Amino acid sequence: MVSTGTTTGSPIFDYAPAPESRAIVDIKPSYGLFIDGEFVDGHGHSFKTINPATEETLAEVAEADEADVDRAVKAARRAFRGWSRMPGKERAKYLYRIARIIQERSRELAVLESIDNGKPIKESRDVDVPIMAAHFFYHAGWADKLEYAGLGPNPQPLGVAAQVIPWNFPLLMLAWKIAPALACGNTVVLKPAETTPLTALLFAEICQQADLPPGVVNFVTGAGDTGQTLVSHPDVDKVAFTGSTAVGKAIARSIAGTDKKATLELGGKAANIVFDDAPIDQAIEGIVSGIFFNQGHVCCAGSRLLLQESIAEEAMAKLKRRMSTLRVGDPLDKNTDIGAINSAAQLARIRALAEIGEDEGAERWSPPCELPSSGYWFPPTVFTGVSQAHRIAREEIFGPVLSVLTFRTPAEAVEKANNTPYGLSAGVWTDKGSRILFMADKLRAGVVWANTFNKFDPASPFGGYKESGYGREGGRQGLAGYLKAGA
Amino acid sequence: MSATASTQSSEGLGAYADVTASEASLRRFLHGLPGVDQVGAEARAAALGTRSIKTTAKAYALDLAISMVDLTTLEGQDTPGKVRALANKALRPDPSDPSCPSAAAVCVYGDLVGDVKEIVGDRVNVAAVATAFPSGRAALDVKLADTRDAVEAGADEIDMVIDRGAFLAGHYLQVFEEIVAVKEACRRPDGSHAHLKVIFETGELQTYDNVRRASWLAMLAGSDFIKTSTGKVQPAATLPVTLVMLEAVRDFREATGVQIGVKPAGGIRTAKDAIKYLVMVNEITGPDWLTPDWFRFGASTLLNDLLMQRTKMATGRYSGPDYFTLD
Chain A
0 MVSTGTTTGS PIFDYAPAPE SRAIVDIKPS YGLFIDGEFV DGHGHSFKTI NPATEETLAE
60 VAEADEADVD RAVKAARRAF RGWSRMPGKE RAKYLYRIAR IIQERSRELA VLESIDNGKP
120 IKESRDVDVP IMAAHFFYHA GWADKLEYAG LGPNPQPLGV AAQVIPWNFP LLMLAWKIAP
180 ALACGNTVVL KPAETTPLTA LLFAEICQQA DLPPGVVNFV TGAGDTGQTL VSHPDVDKVA
240 FTGSTAVGKA IARSIAGTDK KATLELGGKA ANIVFDDAPI DQAIEGIVSG IFFNQGHVCC
300 AGSRLLLQES IAEEAMAKLK RRMSTLRVGD PLDKNTDIGA INSAAQLARI RALAEIGEDE
360 GAERWSPPCE LPSSGYWFPP TVFTGVSQAH RIAREEIFGP VLSVLTFRTP AEAVEKANNT
420 PYGLSAGVWT DKGSRILFMA DKLRAGVVWA NTFNKFDPAS PFGGYKESGY GREGGRQGLA
480 GYLKAGA
Chain B
0 MSATASTQSS EGLGAYADVT ASEASLRRFL HGLPGVDQVG AEARAAALGT RSIKTTAKAY
60 ALDLAISMVD LTTLEGQDTP GKVRALANKA LRPDPSDPSC PSAAAVCVYG DLVGDVKEIV
120 GDRVNVAAVA TAFPSGRAAL DVKLADTRDA VEAGADEIDM VIDRGAFLAG HYLQVFEEIV
180 AVKEACRRPD GSHAHLKVIF ETGELQTYDN VRRASWLAML AGSDFIKTST GKVQPAATLP
240 VTLVMLEAVR DFREATGVQI GVKPAGGIRT AKDAIKYLVM VNEITGPDWL TPDWFRFGAS
300 TLLNDLLMQR TKMATGRYSG PDYFTLD
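Going line by line, the protein sequences match chains A and B.
By numbering that gives the first Met the number 0, the letter at position 126 of the first sequence is numbered 125, and the numbering carries on one by one without gaps.
By numbering that gives the first Met the number 0, the letter at position 164 of the second sequence is numbered 163, and the numbering carries on one by one without gaps.
I should point out that these hints are in silico values taken from the structure, not numbers from a laboratory.
Please read all numbers here as calculations on a predicted model, not as lab measurements.
Where is the CB? At the ideal position from N, CA and C, for every residue including glycine.
Incorrect hints may have been included.
[As the list claims (entries may be wrong)] Selected chain A positions facing chain B (Cβ under 7 Å, derived; list incomplete): (1) Tyr95; (2) Pro278; (3) Glu284; (4) Thr324.
[Claimed, not checked] Derived DEER-like restraints, expressed as beta-carbon distance ranges: (5) B:Ala14 x A:Arg21: 38 to 46 Å; (6) A:Ala458 x B:His192: 44 to 52 Å; (7) A:Ser386 x B:Gly164: 50 to 58 Å.
[Unchecked claim] If you want the footprint, here are the derived chain B segments under chain A, 3+ residues with CB under 8 Å: (8) 14-21; (9) 45-51; (10) 147-156; (11) 192-200; (12) 313-322.
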């Protein structure tokens, strides 16, 4: 399909390795918890975090047990008194300072993120870290303007926020959670994901560097049990979770009947809808970034491609040609487009669902691509001949696997796009402005992108319908999750 | 260099005979091409620009870029002496290093073709701008005479400009027929014909939709190369404009089996920029276009920066501008 240059005998323009230096990061052999402004040992067993691209052990990380979580929540409670009464413009100074330090240390953050997570350095460098800084800058601006948030004249913070974040965007999710919480005057106990704790602990250093008052931000590392202990702690006022729908439901059950407010940002199975009048070359790019960005470890990934039948064949040929140019490999190489799958468990899940797709009769295709021999890897994969009844059209795979369906009319596109338990995001590709408005109105998804995909901005609220969760993060709407109306 | 037919059913140019049969059918066809989303095209070009080309890949790219330069001077003040000097530079860009490739061509006004030809012979091509360059504002027979003159003087390649006024007024068939006529004027007595490059002046066409339409129009009319700019209008060549044109030649080969070359011209001054273009060619059309037969840079100052970077790759240090020849 793709011209490889071999037919004409012209030499192939072969990009030499261009690895980003990892000398800038200093990974310690072991890490403790970050409580009350200090790094402390945990009481639980320690666990290892590994580099998913090589399976090398990076560090031992302390697991927080019930006593550790309690200590962290108490520290946050103590800090809340001072932090919540501090004038907004003073809180803003801390947030601005953090934002600037993030920018100053951006290379360090990006390299460590790629090492611990497996994502390509070009994404951590150009997407994760810049948007992370943007969230702190944006919310710093809100800190002294909360009376304009739409919640009345004197909105008040909620108290201690228990925040649990996933492994797909460790720094970005941390920023989405911490920046608004702090701007609104709350204090935070955050649990990073078990497989990607290192950048949160680097961020803890940034909090120290910014002289953030002790206890305003605390990190407890660990797995599911630690997270469950944290959200169930009786002195927590707010729970914010991003992750799987199953865990989100468990959290919702555990806090039912309490006064805790919750924001849940869960799974998705977004439809990326391409009409026959779409700007086709850009649509192909949008399809590729929609599903292969961050190895498809994206809750709002465009994992269901809905192609108008009249252009399906042509679009698939173009998509396959484009997929053949994707560069899979070393996450630290600046030319890598697709990095490593985050963990052995996730790789097993992706493999299992891909096999189910084949068993159910969908046609599987991947470009020829050589995968590294160690580490967790999955080639960019597309399934054609998929129908709504296939499991790969319904379940979130959370990997570089695209399911392609076709439709005939706009109404059918809407029907198929909405026929999912999820409702986080959707994409629409057409040159017709009126059709964009029609589709955006009909699609039940928290975000609808038109002629683009996976665009994030701190001013734009993000969140889902149905099993994709509730509450919004970002923008003025996101502040509502961390404020109550003042007396 | 054979144009390898693609896998899609290619019925050749014949299938498009109906398209150019009338003003109405040509307009319908050009307006029926898929649109270009400006934001998306620019984002794609910028993303390709972040590729990191180092060591062996950089050395390969620098030599390739040198061999693709159409070394250009298009000034009222050009003299036989000036263009001869330029011709010598094109032959031996780095006189101290015989392993340095020659440039692809020397590009001058038609009246100076003979002076260049005397120096370069058949070792480097001579390209002449024609058809009332750069504005294209003249009667058709004047443009054709201009073209014939240059071909008779020995030009290997003709760089013509399209009538942008006619294009923007929607008179596509007029533009089409003019290209067909110029192509005919490129024919030599022995039946061969000078290579025809068609300049769109994309800075005047403005939209990427127009660039895509102009590309298809010129390819259907028989151009051998499509070229962004005269260098006299800003903006001249840009990465996104070249992206759209590369997509057009890629799609055209898939549809017809005919391969067309691309030449960004004007505004490409650094080796770093040139390498971004080569990355784009590599990833959009594939390596079939990565030869001087199918991709050119219209440039003058670019060559010295390429030479400077090339010397740096070889010696490990930068030399000052006085170590590279002026012309």
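Right, here's what the structure says about each hint:
no.: 1; hint: Tyr95; in the structure: 28 Å, violated
no.: 2; hint: Pro278; in the structure: 4 Å, holds
no.: 3; hint: Glu284; in the structure: 5 Å, holds
no.: 4; hint: Thr324; in the structure: 5 Å, holds
no.: 5; hint: B:Ala14 x A:Arg21: 38 to 46 Å; in the structure: 54 Å, violated
no.: 6; hint: A:Ala458 x B:His192: 44 to 52 Å; in the structure: 58 Å, violated
no.: 7; hint: A:Ser386 x B:Gly164: 50 to 58 Å; in the structure: 53 Å, holds
no.: 8; hint: 14-21; in the structure: violated (count 0)
no.: 9; hint: 45-51; in the structure: holds (count 3)
no.: 10; hint: 147-156; in the structure: violated (count 0)
no.: 11; hint: 192-200; in the structure: violated (count 0)
no.: 12; hint: 313-322; in the structure: violated (count 0)
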